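What the sequence shown shows, in our numbering, is residues 1372 to 1986, in sequence order.
Just so you know, these hints were derived from the structure itself, not from any lab. Bear in mind that the values here come from a model prediction, so they are computed numbers and not experimental data. A couple of the hints might just be wrong.
Subject to a maximum C-alpha distance of 20 Å in a straight line, what follows is the list of computed PhoX-like cross-link-like pairs (lysine-lysine) [claimed, not checked]:
(1) K1382 - K1848
(2) K1848 - K1381
(3) K1848 - K1943
Okay, the calculated beta carbon distance ranges per label pair [said to hold, decoys possible]:
(4) V1920 - F1564: 25 to 31 Å
(5) D1373 - L1838: 23 to 29 Å
(6) Q1732 - V1666: 18 to 24 Å
(7) A1667 - P1803: 23 to 29 Å
(8) T1774 - V1719: 31 to 37 Å
(9) T1544 - H1969: 18 to 24 Å
(10) A1669 - V1920: 33 to 39 Å
(11) I1673 - L1389: 42 to 48 Å
(12) F1564 - W1694: 49 to 55 Å
We put the CB at the ideal spot given by N, CA and C, even for glycine.
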Amino acid sequence: MDWLTTVDHKKIGILYLLAGGFFFLVGGLEALLIRIQLWKPMNDFVSADTFNELLTMHGTTMIFLAAMPILFALMNAIVPLQIGARDVAFPFLNSLGFWTFLFGGILLNVSWFTGGAPDAGWTAYAPLAGTTYNGDHGVDYYVLGLQVAGIGTLIGGINFLVTIINMRAPGMTFMRMPMFTWTIFITSALILFAFPALTVGLAALMFDRLFDANFFDPSGGGNAVLWEHIFWIFGHPEVYILILPAFGVISEVISTFSRKRLFGYSSMVFATILIGFLGFMVWAHHMFTTGLGPVANALFSIATMLIAVPTGIKIFNWLFTMWGGSIIFNTANLFAVGFVPTFVMGGVTGVMLAAAPADFQYHDSYFVVAHFHYVIVGGLILGIFSGLHYWWPKMFGRALNETIGKLTFWTFFIGFHLTFFIQHFLGLLGMPRRIWTYLDGLGFNEMNLISTIGAFLMALGTILFLLNIVTTAFKPKNAPADPWEDGRTLEWTIPSPAPEYNFAQTPLVRGYDAYWKEKMDGHKGMTPAEPLGPIHMPSPSILPFFMGVGLFIAALGFMYAPDWGDMFDGFKAGYGVGIFGLLILFGCMFLRSVIDDHGFHIEEEEILKDKGGKA
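Based on the provided sequences and hints, a complete structural model is requested.
As structure tokens, then:
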């Protein structure tokens, strides 16, 4: 019950990690099935229809249900600690964000068991996603599942924006914030502006599918290219929503394990802001072949290449941070250092794709698949692994095993390059994306086989990571407050795992890398900015859980309304179920509005007892 009702950001972080980890395994399994199907020509391991479903669900699951929530797990677990806050700005909303995401993700995956998952590709291009070509409920699950999950992401973004603006400790100016907090700040702003575009697109597609509207149906006066604009004006910033937090993790890890201040901190901050800004200017580079014309193509080409500049600044600053540092190559830092060249390779192919004439050749070939995975797996997933190894002791009070960790790194890293490096050449040879089989004698055979072997190596790396988690879970919770002994930021000043209230006394921040500065000045810990006193905490609540359930029921009801029988006089049973779900949702909103929640206080005696027990 504690986990169902919690509004504690650290526990919600763990819930995000569990849910995101589960969906990561599901998405990984889908990827393995795709690779098994393609390991030899004319294979019939899965049918063409199943392949399309696997392809769609792999992309959708990995981006929306695995990568995003694991990033939200790190955001929840670390950001309030890094800025010296006791909680996030809206604890109730934080919990609501998690439950809506979870029920949206479950709704999307229910489709496997009800006669067909969505199969229009993870971008769900119209008119392929319309009722003409997709008469069953597969795409309905996509539309409604992502809408429900998207609510969670949007309110999470707003929550962290407000938290970082309003809840920093005294002395923590914007230019003293840790780099990870900065990247989360920009990411939250991107979420705030990008996700409404997706919501609008999905709502329009939902009206097309459930109520016979004509937004994207050309025969009824709609416009199929409109969907591409709406999807990519969300979809391109989404790529930066995913990668910026990974940049933040890399900045923290490389700086800590080089025992040096991050090189060029202010230029890193401005590069992050610039990447966020330019991320909204380049969406049509996904559409070079739709016939927008030479002017639009040229403008979006140039804007896309411009993004390489702030990204390059970041790469050089990481290299200069390591230059002359006393580097420790533990697991977290191996992932961080492996990230840098891998991400550069992804960036270089990105600039190649940005040249519109060249893109006509690369477009919809495996070259694009290779590029995308170099950025998202070689960038984001390596960043996530680095962050998880780095902050694991702070989240769970136990450090992960270094030997298994290094095995994880080498199997995953080598497997990754085996899988995707060769796909560049497959693409240049002309292998199209999204095909479920290919003929013998085209020169694709060996490369596809190597790619599939690499995918199994990555799977082995993931299994080793799970093994590491399980073996670590049996160890005592004895991680010190600063397990790496070189911690630079505020989260390493409090016990591991952090107590419910985070900080017994709000710390006074006297510079960038606040904890490191105190260490250099010869202090044991942070100077408190307030006397010890009772701490106000928000009460737990079951309402967010039921709001998620309500949305889940409503989505299923409205989706199946055309199929289910009448309740009375032409009123479909499905609409009744949908309205029942919405009633649960609005009922919970009403209760939240009328019941005053004053929270509770943790008294000084309890805090002192904690401090005594930990010391």
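Structure-based check of all given hints:
About 16 Å separates the Cα atoms of K1382 and K1848, which keeps this hinted pair within 20 Å; it holds. With a C-alpha separation of about 16 Å, the suggested pairing of K1848 with K1381 holds against the 20 Å cut-off. In summary, the hint linking K1848 to K1943 is not supported, as the alpha carbons are separated by about 55 Å, beyond the 20 Å threshold. About 29 Å separates the C-beta atoms of V1920 and F1564, a value consistent with the hinted range of 25 to 31 Å.
For the pair D1373 and L1838, the beta carbons lie near 27 Å from each other, so the given range of 23 to 29 Å is met. Here the CB-CB span from Q1732 to V1666 is close to 21 Å, well matched to the stated 18 to 24 Å. For A1667 paired with P1803, a C-beta distance near 25 Å keeps the hint of 23 to 29 Å intact. Take T1774 and V1719: their Cβ atoms lie about 34 Å apart, and the range 31 to 37 Å holds.
A hinted range of 18 to 24 Å is violated for the C-beta pair T1544 and H1969, which are about 32 Å apart. A hinted range of 33 to 39 Å for the beta carbons of A1669 and V1920 is inconsistent with their spacing of about 50 Å. For I1673 and L1389, the Cβ-Cβ distance of about 43 Å falls inside the hinted range of 42 to 48 Å, so the restraint holds. Distance hint check: the CB atoms of F1564 and W1694 are about 36 Å apart, inconsistent with the given range 49 to 55 Å.
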